[in-house]
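J.: Chain order of the listed sequences is A and B. Mapped onto numbering that gives the first Met the number 0, the consecutive letters of the first sequence carry residue numbers 0 to 348. Mapped onto numbering that gives the first Met the number 0, the consecutive letters of the second sequence carry residue numbers 0 to 348.
To be clear, the hints were calculated from the coordinates, so they are not data collected in a lab. There could be a bad hint or two in this list.
Which copy is meant is left open, so a pair is good if it fits within one copy or across any two.
What the hints assert, rightly or not - Dumping the calculated SDA-like pairs for lysine to any residue here, alpha-carbon to alpha-carbon at most 20 angstroms:
no., residue 1, residue 2
1, K120, R178
2, K248, H109
3, K258, W240
4, K120, S174
Predicted model, so just to flag it, every value in this text is computed and none were measured.
Below, each chain spelled out in residue letters.
Number of protein chains: 2
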Amino acid sequence: MVNSYLAVATPPSFFTRYRSELRDALTRGISDGGLDLYDMLRYHMGWSDSQGRPTAGTEGKALRPNLCIFACEAVGGTWRKALPAAVALEFIHNFSLIHDDIQDEDEERHHRPTLWYVWGKPKALVAGNALRLMADMSLRRLRGEGLSLTKALEACELLSGAYLEMIEGQYLDLSYEGRLSISVDDYLAMIGKKTGALISCAMHVGALIGSENRDTIEAFRKSGLALGQAFQVWDDCLGIWGDEEVTGKPVGADIRKKKNSFPVVYTMAHAQGHDKEILTTIYSKTKLDDGDVKQVLAIMEQVDARTSSQRLAEQQCGAALEALSGVELVPRVMEELIDLGNFLITRKY
Amino acid sequence: MVNSYLAVATPPSFFTRYRSELRDALTRGISDGGLDLYDMLRYHMGWSDSQGRPTAGTEGKALRPNLCIFACEAVGGTWRKALPAAVALEFIHNFSLIHDDIQDEDEERHHRPTLWYVWGKPKALVAGNALRLMADMSLRRLRGEGLSLTKALEACELLSGAYLEMIEGQYLDLSYEGRLSISVDDYLAMIGKKTGALISCAMHVGALIGSENRDTIEAFRKSGLALGQAFQVWDDCLGIWGDEEVTGKPVGADIRKKKNSFPVVYTMAHAQGHDKEILTTIYSKTKLDDGDVKQVLAIMEQVDARTSSQRLAEQQCGAALEALSGVELVPRVMEELIDLGNFLITRKY
Numbered sequence: 000m001v002n003s004y005l006a007v008a009t010p011p012s013f014f015t016r017y018r019s020e021l022r023d024a025l026t027r028g029i030s031d032g033g034l035d036l037y038d039m040l041r042y043h044m045g046w047s048d049s050q051g052r053p054t055a056g057t058e059g060k061a062l063r064p065n066l067c068i069f070a071c072e073a074v075g076g077t078w079r080k081a082l083p084a085a086v087a088l089e090f091i092h093n094f095s096l097i098h099d100d101i102q103d104e105d106e107e108r109h110h111r112p113t114l115w116y117v118w119g120k121p122k123a124l125v126a127g128n129a130l131r132l133m134a135d136m137s138l139r140r141l142r143g144e145g146l147s148l149t150k151a152l153e154a155c156e157l158l159s160g161a162y163l164e165m166i167e168g169q170y171l172d173l174s175y176e177g178r179l180s181i182s183v184d185d186y187l188a189m190i191g192k193k194t195g196a197l198i199s200c201a202m203h204v205g206a207l208i209g210s211e212n213r214d215t216i217e218a219f220r221k222s223g224l225a226l227g228q229a230f231q232v233w234d235d236c237l238g239i240w241g242d243e244e245v246t247g248k249p250v251g252a253d254i255r256k257k258k259n260s261f262p263v264v265y266t267m268a269h270a271q272g273h274d275k276e277i278l279t280t281i282y283s284k285t286k287l288d289d290g291d292v293k294q295v296l297a298i299m300e301q302v303d304a305r306t307s308s309q310r311l312a313e314q315q316c317g318a319a320l321e322a323l324s325g326v327e328l329v330p331r332v333m334e335e336l337i338d339l340g341n342f343l344i345t346r347k348y
Numbered sequence: 000m001v002n003s004y005l006a007v008a009t010p011p012s013f014f015t016r017y018r019s020e021l022r023d024a025l026t027r028g029i030s031d032g033g034l035d036l037y038d039m040l041r042y043h044m045g046w047s048d049s050q051g052r053p054t055a056g057t058e059g060k061a062l063r064p065n066l067c068i069f070a071c072e073a074v075g076g077t078w079r080k081a082l083p084a085a086v087a088l089e090f091i092h093n094f095s096l097i098h099d100d101i102q103d104e105d106e107e108r109h110h111r112p113t114l115w116y117v118w119g120k121p122k123a124l125v126a127g128n129a130l131r132l133m134a135d136m137s138l139r140r141l142r143g144e145g146l147s148l149t150k151a152l153e154a155c156e157l158l159s160g161a162y163l164e165m166i167e168g169q170y171l172d173l174s175y176e177g178r179l180s181i182s183v184d185d186y187l188a189m190i191g192k193k194t195g196a197l198i199s200c201a202m203h204v205g206a207l208i209g210s211e212n213r214d215t216i217e218a219f220r221k222s223g224l225a226l227g228q229a230f231q232v233w234d235d236c237l238g239i240w241g242d243e244e245v246t247g248k249p250v251g252a253d254i255r256k257k258k259n260s261f262p263v264v265y266t267m268a269h270a271q272g273h274d275k276e277i278l279t280t281i282y283s284k285t286k287l288d289d290g291d292v293k294q295v296l297a298i299m300e301q302v303d304a305r306t307s308s309q310r311l312a313e314q315q316c317g318a319a320l321e322a323l324s325g326v327e328l329v330p331r332v333m334e335e336l337i338d339l340g341n342f343l344i345t346r347k348y
């Protein structure tokens, strides 16, 4: 399976089951206040171009909302009840992407110019904050879907908690920048917050909406956390060995940017002697050139960082399935989860 | 009264009535997750220096929380019940200041280096987002103060609504940048959202927590909106004619920055002939120099922009008092409100 990321991977089929209703709910979630601000958000979501004209095929994967709805259905709940939470998760995620792109000064995302690149940083910053609020407003609709007030409030608490973890993870990520040796454990704790918290919350909240069984709900939380880590480790692999045509990033892109990335952390921890010295010298530079990237890639091969990274992603996927092994699920769920896991660690984008 | 802004102005005495408990509540509102992130927030709030050592005399005016608590007390409510909402208002306001400073690349606020200037933009952006969440978390404490669930939820709705208006106002403000003629009405609508919404919300929510009378609650909303506009117009005057030693900004600072400011909007609308041409030429430049600022100041004097701006601030203060004229209030409230109004339009900072 180690080289299976080279295969073409498509999202699991259950994504299509929710697609049309999820898209409607997301669209309704962005209010139309008559300001260009809302056009900016529709552009960012991939629904229109920078002139406001509808586009097709430019949306994101919508992983988090799909996981939330899926978890609700998997435990025997009515999946439509989870739509407002699913929308909130997608908006929080996208709010963080908008701000991330500003922070990193990234000019492209999904082969399109980023929001700040088109409209400037001040407007993009404000638009991100607006999207964050749209998430809160979507959560208010949970009660309209027939959910009890207690559950609706609990869902809000979980989302807030995950959001705080995400922010703390982003902060840790920034704090680790420029540090030469972050332990593998520190790295995993950081991505558990930065990426894992929201993905875990998606599964957790979906199960909460669909089930009364606390053990089941907890199992989904755990499963989601493992999936989140698998997702991020794979994302890190794509940032280094991804197909340029699909990811839009050249090989080694995240090395050049000195990003905190699992393969880099792993290589730092396992390189020995002269290789270790070279790495330290390269990562002490302010800017890395092509030669540096090439050298780091060679040392990565030396310590087998690619195989180890992929193995970790696979292990975390396994842990995600394992977490749900004792839970009573509606038929076909396990097959669909396996599809999902395979997608997460074979996808090329 | 036109020149009274030259007098030393101190906050109204009722601010001191709440000071100690408000400060405690604000302090508790910033969680201590063991990350430097929270030290950044305490620095921004003016409670500590950049090394985490406690400081004194560096806090902001805390206008919004004071108004919220005051409104609750004024209608006969138990003011402590309003503390969680007061804290949320102060955090939302400060979140917006953190992001504003990043947007405007302002290096100083209240005579101290801004958050981004000390810690860099990426961390400051994240810290602002964390403070925004602390506001939500504080609102959850409303129920702990014995408030009914219905009222607590209504307070949350009002805060969200005000937050959205604030964001829309910020967006409009950015959209107006570089435009040569914004009407006075457009300007007032913009500041009504950007600044007025949160100040109005402070009065509105305070009254909601303290009273059952819908007319009273509505009167406070209206009064707050007028106060907010008075506050902003006066702020605009300080940005142009303020005392450099107190504001930390040189005379004409907001002219040089081409900020949307009432005196500028007023002058654009009232300058005639040659003056109008000069203004258009100057405001078409990318960067203004000392000579440009001096010329704009001279044209402002020509059209009496200073007197007109101050008169508008006074009128809005009058409207704020007028809005409450039919409302049954506990004794001394009107006197304290007059003190507040005088402070808002005579303060030097």
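J.: All hints, please: hold or fail.
T.: Okay, the hints, checked on the actual structure:
1. K120 with R178: Between. Shortest inter-copy distance 19 angstroms satisfies the 20 angstroms Cα cut-off; intra-copy 28 angstroms does not.
2. K248 with H109: Classified as within; 10 angstroms inside a copy, 43 angstroms across copies.
3. K258 with W240: This pair counts as within: shortest intra-copy Cα distance 14 angstroms, inter-copy 47 angstroms.
4. K120 with S174: Between copies only: 13 angstroms across, 22 angstroms inside.
When held up to the earlier numbered hints, the structure conflicts with none and fits them all.
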